[in-house]
Structures are given as C-alpha cells and as structure tokens.
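Top to bottom, those sequences are chains F and X.
When the first sequence is numbered by my numbering, its final residue is 288 and no position is left out of the sequence of numbers.
When the second sequence is numbered by my numbering, its final residue is 576 and no position is left out of the sequence of numbers.
Simulated from the structure, these hints should not be mistaken for laboratory data.
You may find that some hints are simply not true.
Straight-line C-alpha distance at most 25 Å; calculated SDA-like pairs for lysine to any residue [to be verified]:
| hint | chain 1 | residue 1 | chain 2 | residue 2 |
| --- | --- | --- | --- | --- |
| 1 | F | Lys27 | X | Lys421 |
| 2 | F | Lys121 | X | Arg406 |
| 3 | F | Lys46 | X | Val351 |
| 4 | F | Lys121 | X | Tyr292 |
| 5 | X | Lys559 | F | Lys46 |
| 6 | X | Lys315 | F | Asp6 |
| 7 | X | Lys315 | F | Ile73 |
| 8 | X | Lys559 | F | Ser100 |
| 9 | X | Lys421 | X | Ala434 |
Number of protein chains: 2
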Amino acid sequence: MKIYLDCFPCFLRQALEAGRIAGADEKTQRTVMDRVMARLLDISEKETPPRIGDMIHDTVRSVTGNSDPYREIKRRHNEQVLAMEEELSGLIDGSSTPLSDALKLAAAGNLIDMGPERRWKGIQEIFRDFTKKDSTYFDDESFVEALDTANTLLYLGDNAGEIVLDKILIGVLLRETDLDITYVVRGGPVINDATMEDARFVGMTDLVKVIDTGVAFPGVVPEASSEEFIEQYTGADLILSKGQGNYESLSDEDGNIFFLLQTKCHVVADKIGCGVGDIVLQSRQGNW
Amino acid sequence: MKIYLDCFPCFLRQALEAGRIAGADEKTQRTVMDRVMARLLDISEKETPPRIGDMIHDTVRSVTGNSDPYREIKRRHNEQVLAMEEELSGLIDGSSTPLSDALKLAAAGNLIDMGPERRWKGIQEIFRDFTKKDSTYFDDESFVEALDTANTLLYLGDNAGEIVLDKILIGVLLRETDLDITYVVRGGPVINDATMEDARFVGMTDLVKVIDTGVAFPGVVPEASSEEFIEQYTGADLILSKGQGNYESLSDEDGNIFFLLQTKCHVVADKIGCGVGDIVLQSRQGNW
Numbered sequence: 001m002k003i004y005l006d007c008f009p010c011f012l013r014q015a016l017e018a019g020r021i022a023g024a025d026e027k028t029q030r031t032v033m034d035r036v037m038a039r040l041l042d043i044s045e046k047e048t049p050p051r052i053g054d055m056i057h058d059t060v061r062s063v064t065g066n067s068d069p070y071r072e073i074k075r076r077h078n079e080q081v082l083a084m085e086e087e088l089s090g091l092i093d094g095s096s097t098p099l100s101d102a103l104k105l106a107a108a109g110n111l112i113d114m115g116p117e118r119r120w121k122g123i124q125e126i127f128r129d130f131t132k133k134d135s136t137y138f139d140d141e142s143f144v145e146a147l148d149t150a151n152t153l154l155y156l157g158d159n160a161g162e163i164v165l166d167k168i169l170i171g172v173l174l175r176e177t178d179l180d181i182t183y184v185v186r187g188g189p190v191i192n193d194a195t196m197e198d199a200r201f202v203g204m205t206d207l208v209k210v211i212d213t214g215v216a217f218p219g220v221v222p223e224a225s226s227e228e229f230i231e232q233y234t235g236a237d238l239i240l241s242k243g244q245g246n247y248e249s250l251s252d253e254d255g256n257i258f259f260l261l262q263t264k265c266h267v268v269a270d271k272i273g274c275g276v277g278d279i280v281l282q283s284r285q286g287n288w
Numbered sequence: 289m290k291i292y293l294d295c296f297p298c299f300l301r302q303a304l305e306a307g308r309i310a311g312a313d314e315k316t317q318r319t320v321m322d323r324v325m326a327r328l329l330d331i332s333e334k335e336t337p338p339r340i341g342d343m344i345h346d347t348v349r350s351v352t353g354n355s356d357p358y359r360e361i362k363r364r365h366n367e368q369v370l371a372m373e374e375e376l377s378g379l380i381d382g383s384s385t386p387l388s389d390a391l392k393l394a395a396a397g398n399l400i401d402m403g404p405e406r407r408w409k410g411i412q413e414i415f416r417d418f419t420k421k422d423s424t425y426f427d428d429e430s431f432v433e434a435l436d437t438a439n440t441l442l443y444l445g446d447n448a449g450e451i452v453l454d455k456i457l458i459g460v461l462l463r464e465t466d467l468d469i470t471y472v473v474r475g476g477p478v479i480n481d482a483t484m485e486d487a488r489f490v491g492m493t494d495l496v497k498v499i500d501t502g503v504a505f506p507g508v509v510p511e512a513s514s515e516e517f518i519e520q521y522t523g524a525d526l527i528l529s530k531g532q533g534n535y536e537s538l539s540d541e542d543g544n545i546f547f548l549l550q551t552k553c554h555v556v557a558d559k560i561g562c563g564v565g566d567i568v569l570q571s572r573q574g575n576w
C-alpha cells in the first residue's frame, strides 16, 4: 500500500508522540519534527507507510539518543496481557468455536498499537465482548479452508502485549492442525512492535520457532529483510499477517497471505472498504 | 496563545483539507503540503495559530488559484441556519432566561467551523438541546455584570452560518440593554470565517454596524489590523470574542474581553482547563 497524503499529518503526530515518549524536552521534540518534515519533503508517495515509519522512529532514536523509547510500555503491555492469559485461554477452551474466537481475540488485541492515533484507554476494554466482534470482512471460513492444504504457516507478529493473544491463537492452531508454525518478530525496536525480547518474555519461544525480519521496520518489507526471513517467507505454504503495519507493507505483495487486523485509521479502512475499528480477516485475493 | 507542537500535525491536516476543498488534484495537494511544511520549518513557536492559519490558507489560495475555496460551503451554512432562524428565535423569545440561552445557542453554533478536525456531521445536531449545554467555564453572570457598566460592545464574529446565531444573540442584547454594538468580520476570505459578504447575506448589516479587520487572518490580530478596526477595538467598553481563532490570537491581549466559544481541540481545551466540546464564556481575567 502506497502512502496517502492523509498519512502526512499522522506521521508528524507520531513523530511528536514518539519524541515525548523518548523523554525529549520541547526543543528536542521540535528538532525531531523539523527533521521529519524535511525528510517528508523528499519522499515519494510510492513508499509504503512502514518505510516512512522506519525513517520517523530512526530519527526519534538518533535525535533523542533513546534506542528503545517504548521499552517500558511494551513490558507493561506484556505483563498486563500475561496476567489475563489464563482467563482468556479458559474462555477460548470453553468455546464451541475455539479457532474462530481465538482469531477474534487476536484481532481485538491488535488495538494494542502505539503507532496510530489511540482510540482506547486501557488494556481491559480491548477484550470486552471480543467473541461478539464480527464484520463482513472477517472471513474465518476461507482461512480454515486454507489451513487444510497447508503444512507450514508463517505467522507475522505485530505488537507487544498483543503477542500473548497470538500465543493463545497459535495454541489452538497447534491443537487443531498439524501445521509447522514459525512466528516472526521485528529485527529491532520500533514503536511498541514485538521483538525477540518480547517473544522470550511472554514464552512464545517455548511454543514455536521464532525468527526476526532482520530490520526494525514497523511492518514486513520482504526486500529489505534478512535472508533467513526471506527463505521462510517464500517457502511458507500460508502466511498469517497481523496488524496494520504488515498490511500496509504487504497488501500489494504476492503470496498466500491472510491479513488479520483491526483497522485503526480511515486510510486503511477506506482501502479495505470497511469502517475504522472493524476486525478483518481476509486473503489478499479477497474483496479489496 | 502561542502555537504548540501539537498544532503542527493539525496545520498539515488543515492544509490538505483546504487544498481538496479548493478542488486541487493530488499533485497540487502535495505541492500545498510541501510548501506548508517548508514554511513550518522556519516558524517561531511564539507565533499565534491564526498567523500560521493565514500562511496556510494564503498558500492554498496561491497554489490552487482558488481565491475563496470555502465560498459555497459558507453559503450553504448560512442558508441552513437562516432556515432555522425563526424557530430558534422563537425558542429564545419564549425562554425564561433569553440572554443566557442566546449565549448558549451562539456558543453551540461555534461548532460550525471548518478549521479544526470536525466532530459534527450535520448542522441540525449542533443545536440539539442547546439550552441544556452548560459548563463551569460558562460564566454568563459575570458577562451580564460587565454589560451593566458598558455603553459600547465590539462583537468579534467567527464563522459563516454561526453568524445567524450571533444575530439572534445581538437581537436579545439590543432588547435588554442600551448598548451600542459593532460586529466584526474578517477582512477577506479564510476557511469558513464570516466576511462582509456573509454579514450582508444573513442581514447582520441591517441590525448593527459591521466593520472588518482589514486582514484575512482566521482570528483577530490587532497589530496587523486596519486603523478603523484598531480604533474600535481600543475604544470599546467591552469586547465579546467568538470562537477558537479569536481566542488563540487574543488570549494574551489586554482589554475587557469575554471569550465565547466551544472548544474544538485538546490544545485549546487544555489551555482553558476544560474538556473538548465544552462551551466557554469567560473573561481573560477569569480562571485561566
């Protein structure tokens, strides 16, 4: 997905917020904003938002000297969702449709994202009535069909905290299928996206093989990624891509990809054709 | 009020929206955004938002060649509120507290603003239950006290459409007081702010003397205004300043000024100490 002009104000908002979270004083925040604006003057609209996200957060890290501004936030989100893991797993285990509900839970948890303008206040509200979430863009039937013919699944993760819900979904997939699952995290800290540190912290590494993309983009950009990632990416029978960032970078890529996300801005919602806040599970061969 | 870093993303959003309303194609919209970003790199944070607003909308007009992008929108808003004028006047006339209700109606109507990010969809919803609107920042008692000792009132208008509600309020003031009232419009088209054309269209010019500021800033900037305006501004016993733009440019000025507005962004709401969407009627000697 290319960037839209509507993304520009959002880039600036994100730069300011990241600068503040990095602990920058007002003068340094202004320096971050000025550098980002100067870079935005040069960029082509053919770039994808995660590439611009990389530029923004690289600017924030280099101007503020803070190599991982969201580290404490990620830790807190991981702990908060881990504290609910048993209860949420119990709900899924007791469900008559565990896979569908685990997919909805993982989609609901995609709201734990510090990139877009936030419309949530606390972690708790994100999971309220998650089994009732549904949309015409949530095509779990096609996903279940696709699982039938796949031996390997590459699961592209998105955010810390949310990764605990990916664990619950992967648990259901491991019980209900014979899939060989590999989970993917970012190659370095960017926003609150999950890295190998988060995967270890929440126990994802005890459940399945975890690899990283080799780069700190807030999305999966195959051509910029490590050889190990590209090998897995091109070799997987099926790819489950979590979140907006991965959607933004992969929506025009080939491959047997299903996107699982909750839309968090009108640009992505308009592109998919749904409303902001809708849960989505669609293959790229689907109706967009 | 100085500009805040939070205003920068909003400036870009406003530039894009104005470019689109001016009918610019995507390439021209990008040119507008680039020029605005290039100018933002140079500005001092001591500037007030209306001065930056002037720069943005001057850029939009010059890049797109459209000298008044919001002209049709203003005409439509004027017509829509004029169509409700009789009904709304009837409600005020039948009220046991006509002045207080007319002030609330004028504050509610301040939402008809194409500058900030819009939280309203139709004109009708703006007036729903306006008499029930209230806030601890709506100090009509002090305003009524100030009226007692004033002979002249300078009423600084804000937006088209909304100007019809200013007419209703001025009607009540003319009935209940002996005030000599002058109404002020912008000196040229900017966003959907009311100009002399709007004042004539809605009949404000038949009710009181109307002057303009001499400049097309989306706020009143005394030092940049015409001599005629400055004479009235410095000579008035009491000033009633409508809207966020006038608040942003006058909040640090001397003078016997009451601000009547509805807050439309968290920067202004935070500065006043209230919530976004609150109605406000406060003198600058008040509690901010």
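Going through the hints against the structure:
1. At most 25 Å may separate the alpha-carbon atoms for a hinted pair to count; F/Lys27 and X/Lys421 exceed this at roughly 39 Å.
2. Using a Cα cut-off of 25 Å, the hinted pair F/Lys121 and X/Arg406 holds, with the two alpha carbons roughly 21 Å apart.
3. Of the pairs offered as hints, the one joining F/Lys46 and X/Val351 holds, with about 23 Å between alpha carbons and a cut-off of 25 Å not exceeded.
4. Proposed proximity of F/Lys121 and X/Tyr292 is supported: the alpha carbons are some 24 Å apart, at most 25 Å.
5. This hinted pair does not check out: X/Lys559 and F/Lys46 have alpha carbons roughly 39 Å apart, beyond 25 Å.
6. Restraint check for X/Lys315 and F/Asp6: satisfied, since their Cα atoms lie roughly 13 Å apart, inside the 25 Å limit.
7. Between X/Lys315 and F/Ile73, the direct Cα distance comes to roughly 39 Å. Violation of the 25 Å bound is thereby established for this hinted pair.
8. With a C-alpha separation of about 47 Å, the suggested pair X/Lys559 and F/Ser100 falls outside the 25 Å cut-off, and the hint is violated.
9. Proposed proximity of X/Lys421 and X/Ala434 is supported: the alpha carbons are some 22 Å apart, at most 25 Å.
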